[in-house]
Amino acid sequence: AQSVTQPDIHITVSEGASLELRCNYSYGATPYLFWYVQSPGQGLQLLLKYFSGDTLVQGIKGFEAEFKRSQSSFNLRKPSVHWSDAAEYFCAVQRGNEKLTFGTGTRLTIIP
Amino acid sequence: DGGITQSPKYLFRKEGQNVTLSCEQNLNHDAMYWYRQDPGQGLRLIYYSQIVNDFQKGDIAEGYSVSREKKESFPLTVTSAQKNPTAFYLCATTPGSVTNEKLFFGSGTQLSVL
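For the record, the sequence lines run as chains A and B. If you're matching positions, the first sequence starts at 46 in the working numbering and goes up one per residue. If you're matching positions, the second sequence starts at 235 in the working numbering and goes up one per residue.
If you are wondering where the hints come from, they were derived from the structure by calculation, not from laboratory data. Virtual Cβ for every residue (Gly too), placed ideally from N, Cα, C. Don't take every hint at face value.
[To be verified] Taking lysine to any residue and the SDA-like style, the derived pairs with C-alpha atoms no more than 20 Å apart in a straight line are: (1) A:Lys-144 <-> B:Glu-335; (2) B:Lys-336 <-> A:His-127; (3) B:Lys-336 <-> A:Ile-56; (4) B:Lys-291 <-> B:Ser-314; (5) A:Lys-113 <-> A:Gln-90; (6) B:Lys-336 <-> A:Gln-103; (7) B:Lys-291 <-> B:Ser-256; (8) B:Lys-336 <-> A:Leu-101; (9) B:Lys-248 <-> B:Lys-317; (10) B:Lys-336 <-> A:Ile-155; (11) B:Lys-336 <-> A:Gly-104; (12) B:Lys-317 <-> B:Ile-285; (13) B:Lys-336 <-> A:Thr-154; (14) B:Lys-336 <-> A:Asp-99; (15) A:Lys-144 <-> B:Lys-243; (16) B:Lys-336 <-> B:Gly-250; (17) B:Lys-243 <-> B:Pro-319.
[Said to hold, decoys possible] Some but not every residue of chain A turned toward chain B, in silico, with C-beta under 8 Å: (18) Gln-87; (19) Gly-88; (20) Leu-89; (21) Lys-94; (22) Trp-128; (23) Phe-135; (24) Lys-144; (25) Phe-147; (26) Gly-148; (27) Thr-149; (28) Gly-150; (29) Thr-154.
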């Protein structure tokens with residue numbers, strides 16, 4: 046079965062600092078990879094996705110993610126965070142026609 | 235204004251009671267999904283439907299039931315058999331039944347037990 050791991054439960058960064066959120070998956074072949082963001086008490090919004098091709102994927106709100114096959118990782122990055130980026134971030138993986146599997150999420154806190 | 239509407243925002247259930255969560259969409263999307271979210275856990279799939287009058291169990295369907303009588307609507311009933319129903323419930327859609335599509339989410343219903 047496919048699985049996805051987000052090793053960081055909670056991350057705190059200063060406004061203006063860079064950000065990297067980690068995501069690792071376990072599956073032999075390259076799955077479809079997604080990052081979603083959730084504001085408190087709200088639904089999730091897709092930030093970006095990777096299916097194939099260029100391993101550096103650009104998303105909305107200035108986020109990007111890099112797929113590294115050798116490390117089975119799909120880490121999310123942002124060069125300079127804003128207070129409005131405070132939210133919970135979910136990595137998700139999907140292979141073939143199986144349903145999406147979500148990680149447990151990383152909560153991001155921004156300090157002034 | 236297109237979107238997914240979940241109601242109510244907050245819901246309380248008494249012991250032994252069945253409650254129904256509403257999910258309506260006007261995006262003309264084929265597939266609809268129900269997820270459960272618990273603190274510190276990812277989203278877990280309860281049920282999904284790819285076409286009217288058809289639905290499939292997800293990973294945690296026990297204690298829940300659904301119907302899909304109309305394309306726009308996919309209500310979720312939390313039955314008395316669900317012993318731990320307190321959670322945040324999210325409805326989502328995809329335009330087609332292809333499984334690698336972007337999910338569109340409603341704003342959720344928080345269910346609590348009295």
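Tested hints:
no. : hint                    : result
1   : A:Lys-144 <-> B:Glu-335 : holds, 11 Å
2   : B:Lys-336 <-> A:His-127 : violated, 25 Å
3   : B:Lys-336 <-> A:Ile-56  : violated, 26 Å
4   : B:Lys-291 <-> B:Ser-314 : holds, 18 Å
5   : A:Lys-113 <-> A:Gln-90  : violated, 23 Å
6   : B:Lys-336 <-> A:Gln-103 : holds, 15 Å
7   : B:Lys-291 <-> B:Ser-256 : holds, 18 Å
8   : B:Lys-336 <-> A:Leu-101 : holds, 18 Å
9   : B:Lys-248 <-> B:Lys-317 : holds, 11 Å
10  : B:Lys-336 <-> A:Ile-155 : violated, 27 Å
11  : B:Lys-336 <-> A:Gly-104 : holds, 13 Å
12  : B:Lys-317 <-> B:Ile-285 : violated, 29 Å
13  : B:Lys-336 <-> A:Thr-154 : violated, 26 Å
14  : B:Lys-336 <-> A:Asp-99  : holds, 19 Å
15  : A:Lys-144 <-> B:Lys-243 : violated, 26 Å
16  : B:Lys-336 <-> B:Gly-250 : violated, 37 Å
17  : B:Lys-243 <-> B:Pro-319 : holds, 15 Å
18  : Gln-87                  : holds, 5 Å
19  : Gly-88                  : holds, 3 Å
20  : Leu-89                  : holds, 5 Å
21  : Lys-94                  : holds, 7 Å
22  : Trp-128                 : violated, 21 Å
23  : Phe-135                 : holds, 6 Å
24  : Lys-144                 : holds, 6 Å
25  : Phe-147                 : holds, 3 Å
26  : Gly-148                 : holds, 5 Å
27  : Thr-149                 : holds, 5 Å
28  : Gly-150                 : holds, 6 Å
29  : Thr-154                 : violated, 15 Å
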